[in-house]
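S.K.: The primary structure of each chain is shown beneath.
Number of protein chains: 2
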Amino acid sequence: MADKTVFLSEEDALTMSRNILLKKGFSKDVSRGLSETVVAGQKDGCGSHGLYRILGCIKTLEAGGVVPDAEPHVEDASGSIVRINANGGFSQLSFSLGLPLLIEKAKENGIALLAINHCVHFSALWIEVEQITRQGLVAIACNPTQAYVAPHGGSAPLLGTNPFAFGWPRPGKPPFVFDFATSTVARGDVELYEREGKPIPDGWGVDSKGQGCNDPRTVLEKGALLTFGEHKGAALSMMIELIAGPLIGDLMSYESSQHDKSKGALPYHGEVIIAMDPAMTAGRNFEEHLARAETLFDSVESQGARLPSGRRYKNREKSEKDGIEISEKLYLELRSLLDE
Amino acid sequence: MADKTVFLSEEDALTMSRNILLKKGFSKDVSRGLSETVVAGQKDGCGSHGLYRILGCIKTLEAGGVVPDAEPHVEDASGSIVRINANGGFSQLSFSLGLPLLIEKAKENGIALLAINHCVHFSALWIEVEQITRQGLVAIACNPTQAYVAPHGGSAPLLGTNPFAFGWPRPGKPPFVFDFATSTVARGDVELYEREGKPIPDGWGVDSKGQGCNDPRTVLEKGALLTFGEHKGAALSMMIELIAGPLIGDLMSYESSQHDKSKGALPYHGEVIIAMDPAMTAGRNFEEHLARAETLFDSVESQGARLPSGRRYKNREKSEKDGIEISEKLYLELRSLLDE
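Which chain is which? The protein sequence lines are A and B, in order. 136 is the number of the first residue of the first sequence in our numbering; add one for each residue after it. 136 is the number of the first residue of the second sequence in our numbering; add one for each residue after it.
Do not rely on the hints blindly, as some may be mistaken.
All copies of an identical chain are treated as equivalent in the list; a pair is satisfied when it fits inside any one copy or across any two copies.
Think about it this way: if two alpha-carbon atoms lie no more than 35 Å apart in a straight line, the pair counts; the simulated DSBU-like pairs of lysine-lysine are [unchecked claim]:
1. K159 x K464
2. K194 x K308
3. K344 x K308
4. K163 x K357
5. K159 x K308
6. K449 x K344
7. K159 x K139
8. K308 x K396
Calculated directly from the structure, the hints in this document are not laboratory data.
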């Protein structure tokens, strides 16, 4: 019963994605950044953040929800703060333009914060925290989304799905990375169920009366998702609203929803990324301390428990060997955009 | 069936606590800091972090687990990093000595990190993040504890109960603060059940074979607690092990347990505190952005949902009116320490 799939080389996937986005009117820099993100998602087997997202980028452009050739403005705001105004473009180009200054400040002062403002956002955060760990730094990233999630004990959408990601460098190994939605699941997961016409599992969402609901469309359009971990998950979600919202002078999820005015565009808001340099925070023997962290990972695995991102890294390895897997249906839909 | 209680004035509670600790051999500065912490906990109705903890401080001293007159050493480590060596003392005095430099650095550079190393720790973190919010700053704090919690999918204690706290200043109101254990409950909660001879609820812990268990002593001594929120809560707990452990050159929970060697002393490890200044991160109009955050809190409450710390603030108000409530049994136990 599995869908038919095709396998693409990384280069072919990137070229196809870039060409579609260029044809639709995105600038060269923007198309490159977006393509790297969605291909990395597909390569790691994250369907909801993979090539499927190209359709959302185009829908957002057509709805007037993104500036296709925005040029981000980087501001060196203080000793440890970098602020980037994405000027209404997607976040990817802003992140790559701000990253060098974030790294420089983290290495100089020990901790630094990058605020991306006024961006259109859909990226999986692991793609960003991984890039920071490649510089030997530790990273935390989060952002609001749109009002899809009820606060604990409430009944109406207010909070976003608010992803929270963390990255820790591991010498000679892929980094320890996790990236989870503070909702029970990501909105993208519910969207995939809707596309496939399947009911969602219990516990993912409620209808407009706060009752449990298995219909993805009802949950997406009239109800609300739930946070993970009851009041603790809800508290964490509120922290993300605050530190990736007002703390960086940007919108909270419900404000982003109001800004969207039901255009169905990808969310417009900000993102906050914190980078820390173990060489500064742990001091002289920092390499010994990083080596000590490995004993934690070993202890988890020796209990038969798994580290986060393990499945992603396995998919990545497989993609590098066999090519990047994509459903034939989506592939044909994307190809047809090139032939229009 | 409720236990008999007595009511103390804040001054009387502080004096009693200070006098007990001084008599047991703690220095004047240490006794003052510890007393402020346990009285603040009692005042806010947090039994597990209240005056009851004095017994743990004494037990720790008698087990050789804390230096009673330690003098912390403050190091200005870099532009945004303050490191404090507690030199084997309790964390409270270190925190209060490091706080002014943390605030100065956060206000100068926008974000700063305080690492407290080599301390004996039991403080509720809300006490610390609240102090940071009083300066108009946003705060995150966390620490490992000892190996009480199994990783998700594992069976043996490895992670700590690893509290995570957040504070956000609210003009003219008590701050938005949460402080939760990443275990289903705090170890202190299980200890209170044990003291009262009551079974713990389902879902709090497992026995040595990973089976659900309601006996507090079995869970504390032979089994393990569980994290909240399944794999997401467990990921967060691992982040805390890393950023309040190796990142600041200090012990992880399981290493702290090994250090303890079953002395039953309070945990010895580090703590990390991050402070951010909205005036730097949000820029010129930061007060408007803080005012905007209030609309989030209003929306939560207008759905009938509650903000974290609400019950604590209510208890605080009641304590200020009626005095600080303490069980008569504990009060008599503490008084008897003065008469020994």
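S.K.: Take the hints in turn and mark each one as holding or not.
M.R.: Going down the list of hints, with the structure as the test:
1. K159 x K464: within (20 Å within a copy, 75 Å between copies)
2. K194 x K308: neither (38 Å within a copy, 43 Å between copies)
3. K344 x K308: between (47 Å within a copy, 32 Å between copies)
4. K163 x K357: Result: close neither inside a copy nor across copies, 38 Å intra and 60 Å inter.
5. K159 x K308: Classified as neither; 39 Å inside a copy, 50 Å across copies.
6. K449 x K344: between (41 Å within a copy, 30 Å between copies)
7. K159 x K139: This pair counts as within: shortest intra-copy Cα distance 27 Å, inter-copy 74 Å.
8. K308 x K396: Result: close only across copies, 32 Å inter versus 44 Å intra.
Checked against the numbered hints above, the structure violates hints 2, 4, 5; every other hint is satisfied.
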